[in-house]
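Chemist: The whole structure should be built from the sequences, with the hints applied where relevant.
Same order as they appear, the protein sequences are chains A and B. With this note's numbering applied, the first sequence covers -12 to 223. With this note's numbering applied, the second sequence covers 151 to 402.
Hints are computed from structural coordinates only; laboratory data are not their basis. Where hints are given, some of them may not hold.
[Claimed, not checked] Pair ranges (Cβ atoms, derived):
| # | chain 1 | residue 1 | chain 2 | residue 2 | range |
| --- | --- | --- | --- | --- | --- |
| 1 | B | Glu338 | A | Pro186 | 50 to 60 angstroms |
| 2 | B | Arg374 | A | Ser219 | 34 to 44 angstroms |
| 3 | B | Ala376 | A | Arg215 | 55 to 65 angstroms |
| 4 | B | Arg374 | A | Glu145 | 49 to 59 angstroms |
| 5 | A | Ser219 | B | Thr222 | 54 to 64 angstroms |
[To be verified] What the simulated footprint calls covered on chain A by chain B, stretch by stretch (three residues with Cβ under 8 angstroms from a Cβ of chain B suffice, anywhere in the stretch; the number is not a length):
| # | stretch |
| --- | --- |
| 6 | 49 to 57 |
| 7 | 89 to 99 |
Where is the CB? At the ideal position from N, CA and C, for every residue including glycine.
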Amino acid sequence: MKRRANVFIVCSPSARVGVSTTARLLTDYYLLTNTEPAGYDTDPHEPRYAPYFPDRVRVLDVSDIRGQIVLFDGLLADDNRPKIVDVWHRSFPRFFETVQDIGFIEEALRRDVEPVVLYHADGGRASLEGAWALHEHWPELTMMIVHNEGASPLEPEEIEIFHRYPAQGRFVIAPLPAPVVRALSDTTLSLSEFLRSPPVDMSIVVRAAIKAWIAPIFAQFQSFELRRQLESSNYL
Amino acid sequence: MKPSVILVGADKGGVGKTTIARAVLDYLNSNNIVARGFDTEFPRGTLNRFHPEQTSVVDLTSTSDQMRILDTLNTAQVKVTVIDVRAGGLSLALQALEDTGFLDAVHAGEFNFLIFHVLGSSIASLDEIEEIAPFVEDAHYFLVKNHVNDTTFFEWDPLTHTKYFEKVMTSGEMTIPKLNEMSYEQVEIAGVPFSTFVADRTAEGEPAGQSFVLRGYVRTWLNRIADEFDRVQLLGLVAPRDAKAGKAGKER
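Modeler: Right under this line is the structure:
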């Protein structure tokens, strides 16, 4: 069975749709499974992903060529580590312009590195158009949509919009009560460590809520991984 | 196949003549057209540094070097010759080619002659066109707008166009996009052809370990230049498959 290294491009052209939360969750998912992910935070001004993983997430500016070298050369490094990029919404156009200019997708596929776009969908027209623009440019690119129900809530009848995205599947991240959100915003709180041994000084209610919140998200990540492994199997 | 000479030059310095000459050699090599280069930046040659195996440094005003280039056009196995004219030497080079009878031979149909006149972003470049006009009648004369930096290129407004182009017949214009400084510098340091840099090889053919990002930028830039050369049918001019292909239409 041929294993392909994954590069997760966690992105959206819109602000405040939960991109950094997904990058954080994915990083903790891999840490929990004893895999060593490498992360990149493309918001050089107010990074929201890197503070949770100061030792494994690099902050860079994609409008600067030195930042591009750190990012894209790092994504192609043959180290068998999953890579996670938190694409800040203001970096979104420049990020994909650079991807196009340097032929990143083509080179990645050539090297058995599989870029996976985790596209954070919302109810806006720009979001849908952005997804289609990516799909039309790179039809071979794997795209999953992510709906963070807490960050971009939609009415039940609006959920239909997700069927119009050119995506292979959807991850859903459930909303959380405000006190739990506050607890999660603590940058010293590692979700993977939390699942291994929940802090005793944390409210039992909050602990239960976090566990209940994380479990279905990690189950989705695991299902995705298993599906990818099955798809790349030579024996099926 | 009729021998072809491609002269790359300008009378103004710093407009990227050698960069264009390097791109031409890369383009011909990638299309399996074997070419030889002559670098007139005597005694040290920049083109020669990047393409040492196919380039010689010559002094275009020296009779022996003129013989070395022109007397071998018919006899050499390699039928395409690229001459990178040193800064400020385009008019002198053309005068030398006229004095040696080369331009008469071109007029008689013995050789294809292409001139890539590399223009800078100032109006001074346009003044050169008038000086060169008397020599280009039988040549495929291309104006090359090379965006070597971020300065805005002069606009080809109708008045300017009329003033400078009424006496000269061109085969067209080419626009060379800008390559970012860091990528350009890294190729300079590597001292290899652009295509070798893109392939991540050293001059000796070993893996070079260059940044993928920088190689990606160079590849895209080189592809855009190749698109320009394709657009003006450069291959058809230097290696025509039939008689018609060699006669690219000229525009006034």
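Chemist: With reference to the structure, classify each hint as holding or not holding.
Modeler: Here is how each hint holds up against the structure:
no.	hint	result
1	B:Glu338 - A:Pro186: 50 to 60 angstroms	holds, 55 angstroms
2	B:Arg374 - A:Ser219: 34 to 44 angstroms	holds, 35 angstroms
3	B:Ala376 - A:Arg215: 55 to 65 angstroms	violated, 37 angstroms
4	B:Arg374 - A:Glu145: 49 to 59 angstroms	violated, 43 angstroms
5	A:Ser219 - B:Thr222: 54 to 64 angstroms	holds, 57 angstroms
6	49 to 57	holds (count 4)
7	89 to 99	holds (count 4)
Hint violations for this structure: numbers 3, 4, all remaining hints satisfied.
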